[in-house]
Every structure is written in C-alpha cells, then in structure tokens.
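> Using the sequences provided together with the hints, build the complete structure.
Protein chains: 2
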Amino acid sequence: MTVELQAPSLTSDFKAAFGGHPAGVSIITADSVTGPVGITASSVASVSAEPPLLAFSLAASSGSAAAIAVADSVVVHLLTTGDLELARTFATSGTERFTGSMVWTRLKTGEPLLMHGGYALRCKILSRTPAGGSLLLAAEVEEIIVPDAAGEPMVYHSRTFHWLGKHSVLPG
Amino acid sequence: MTVELQAPSLTSDFKAAFGGHPAGVSIITADSVTGPVGITASSVASVSAEPPLLAFSLAASSGSAAAIAVADSVVVHLLTTGDLELARTFATSGTERFTGSMVWTRLKTGEPLLMHGGYALRCKILSRTPAGGSLLLAAEVEEIIVPDAAGEPMVYHSRTFHWLGKHSVLPG
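Chains as they are written, first to last, in the numbering used here: chain A, 360 to 531; chain B, 360 to 531.
The reader is advised that the hints may include incorrect statements.
What the hints assert, rightly or not - Here are some of the chain A residues that sit facing chain B, going by a computed Cβ distance under 7 Å:
#1 L369
#2 T370
#3 D372
#4 G459
#5 S493
#6 I503
#7 I504
#8 P506
#9 H521
#10 W522
#11 H526
#12 L529
What the hints assert, rightly or not - On the chain B side, residues computed to face chain A include the following (Cβ under 10 Å):
#13 A414
#14 G459
#15 M461
#16 L496
Claimed, not checked - Distance condition first, Cα-Cα at most 20 Å in a straight line; then the derived EDC-like pairs of lysine to aspartate or glutamate:
#17 K374/B x E502/A
#18 K374/B x E409/A
#19 K483/B x E409/B
#20 K483/B x E470/B
#21 K483/B x E502/B
#22 K525/A x E511/A
#23 K374/A x E499/B
#24 K467/B x E502/B
#25 K374/B x D372/A
#26 K483/B x E501/B
#27 K374/A x E455/B
#28 K374/A x E409/B
#29 K374/A x D431/B
Hints are computed from structural coordinates only; laboratory data are not their basis. Yeah, the Cβ is synthetic: ideal placement off N, Cα and C, and Gly gets one too.
Here is the structure:
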C-alpha cells in the first residue's frame with residue numbers, strides 16, 4: 360500500500376489564487392466519432408499573431424474534453440455577454456448540446472460552429488503536451504469567422520460572470 | 360530571394376479577436392545571469408489543481424522573455440488593481456526594474472519576489488513546447504505566497520486595464 364502525502368494547503372491555496380484570477384470565456388468545439396462536442400474553457404490565450412497561434416488546456420480524462428483532446432481541428436468561440444446561456448450549457452456536464460433549439464451549423468471543413476456574439480477561430484492542433492493529468496495544446500488559426508458587431512466582453516471570476524465596459528475601466 | 364505570402368486579414372482579424380478577449384494580468388519573474396528579470400503577461404492560466412500546474416507563453420526571442428524562457432524556476436505574481444504601476448513598468452521595454460524604489464526581495468530559493476496585492480506562485484518549469492517563434496511553458500507550483508488580503512482583480516482588455524467587483528457582475 361502506497362500513501363502519498365501532499366501539503367494540503369498547496370492545492371487549496373492554488374484554487375483560491377486562480378479562483379480570484381479573471382479570465383475570458385470561450386467554447387471549444389470539435390467533431391468526434393459520436394458527433395459534435397464542446398466545452399466551456401477559461402484557458403484560451405493568444406500565443407502569437409504571426410503566425411496566428413493560440414493555446415489552451417484540457418483535463419482530458421473523459422467526456423467532451425477527451426474527445427476534443429484527440430481532434431485534429433477545433434473551433435474556438437470567444438464569448439460575449441450575449442452568450443451567457445451557451446457558456447453555462449457547455450460548462451455543465453450532462454446538459455444537452457447541439458439540439459434543434461441551439462443555433463449551430465458546420466463549417467465546410469466539418470467542425471461545429473455555434474452562432475454566438477463574438478469571433479470564432481478554426482484551428483489546426485499543432486502539439487499536445489502532457490502536464491499532470493491534463494494536456495496543454497497549441498493550435499494554428501486557419502480561418503476566422505468575424506461577427507458583424509462583436510458583443511460586450513465577458514469575464515469569469517470567482518465563479519461569477521462579469522462584463523466589461525466604461526463602467527469597469529480602472530482609473531489612473 | 361524568398362517571398363512569403365500570407366493572407367493579410369488572418370493576422371489582423373486575429374489581433375482584433377484577442378484584443379477584445381479579456382485576460383487576467385500577471386508578472387512573471389526569474390533570476391538570470393544578469394540579475395532579476397520580469398515581464399507582464401496575460402497568458403497565465405490554471406491547468407490543474409492536483410497537482411497544482413499552470414501554463415503561460417513567451418515570445419522568447421530576446422530581452423527579459425528570453426531570460427525567463429531558459430530559467431528553471433519562476434515566480435508568477437497574480438496582479439490586483441493596486442498593482443497597475445508594476446503592470447505598466449514590466450510591460451514597457453527599457454524601463455528600470457528592481458530598482459531601490461521598487462519593493463522586492465528574494466525567496467530563499469533565489470527567485471525575485473515583488474511585493475504586490477495578490478498571490479505569488481513559485482513554480483518549477485516542467486516543459487517548453489515551441490509554437491511558431493514562441494514557447495508554451497507548463498510549470499508546477501511548489502510554493503504559494505498568500506496575501507494578507509487579496510486586492511480587487513485586474514483585467515486587461517482592448518489595451519485598457521479594468522477592475523471587477525459588484526459593479527461588473529453580469530445580470531442573469
């Protein structure tokens with residue numbers, strides 16, 4: 360029998376630290392053998408603009424994240440305040456997705472595209488680096504679907520969704 | 360002579376998409392052969408809480424980012440609204456850092472620690488994955504310096520710093 364001891368405060372302090380660290384909100388979709396899949400993610404970050412590269416991480420042990428982890432291409436939807444319902448649906452396990460009442464289509468290349476208020480970026484996965492039980496993915500953007508008018512930006516912080524605008528500009 | 364042609368709109372659309380995608384703000388510091396170095400980064404993301412892992416990216420061709428790219432360990436400072444001056448200093452090339460007027464110290468393990476309003480996480484670099492001219496780094500958190508009382512969270516969006524609180528909670 361092996362007993363692993365770990366400082367209990369490190370994980371709880373880590374959760375407190377990142378619970379308070381704000382992040383933009385995305386939904387990442389992909390096609391899979393069982394049909395379209397998607398997850399809400401707060402880890403999407405720009406890596407470089409030339410070439411256009413982004414990164415995100417997945418806890419890829421099961422479910423939709425596991426299906427996205429093996430996909431060759433994904434669509435990253437940057438969410439806006441009008442997309443709150445979508446964000447919640449794809450953040451909650453067991454919810455029905457890609458139903459008749461959800462407005463979505465497929466790109467010519469096959470990936471599921473959700474109609475939403477922000478930019479959508481079709482990406483080819485470049486690398487998958489294991490980190491603990493998770494994966495760190497780098498992806499090259501091959502196509503960008505530009506909204507007619509991008510909505511207000513949405514932020515996730517302390518388990519709550521926030522929105523940014525003139526009311527939130529930091530003085531100084 | 361080689362001429363590389365690239366769709367001009369992809370990079371500009373990418374910049375517009377991520378310019379409008381909000382992100383928390385961090386300063387990443389490390390020790391280097393020339394002394395302490397640091398950069399302001401908006402790419403820091405939690406990867407997993409058990410084990411405590413985070414990720415970030417660096418355009419590592421020169422300067423402080425290049426020095427951080429080769430460090431074995433770093434300190435990630437999650438910034439709060441009181442840290443605006445620090446964020447600007449470490450985001451601007453050529454500014455003087457770690458001066459007598461900047462409040463900082465060294466951890467027992469040698470890394471520079473900036474006195475600021477949020478959590479600081481001392482991390483060991485686990486992997487460096489090339490992505491274009493940039494690097495995607497995964498790091499394991501080994502020590503967390505917890506603030507007495509964490510300040511208000513700060514967000515970077517459209518080249519402007521914002522702050523979150525009750526005023527920014529999204530209704531619904």
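> Compare the structure with the hints numbered earlier in the document and write down the numbers of the violated ones, lowest to highest.
Hints 4, 7, 8, 14, 15, 25, 27, 29 not satisfied by this model.
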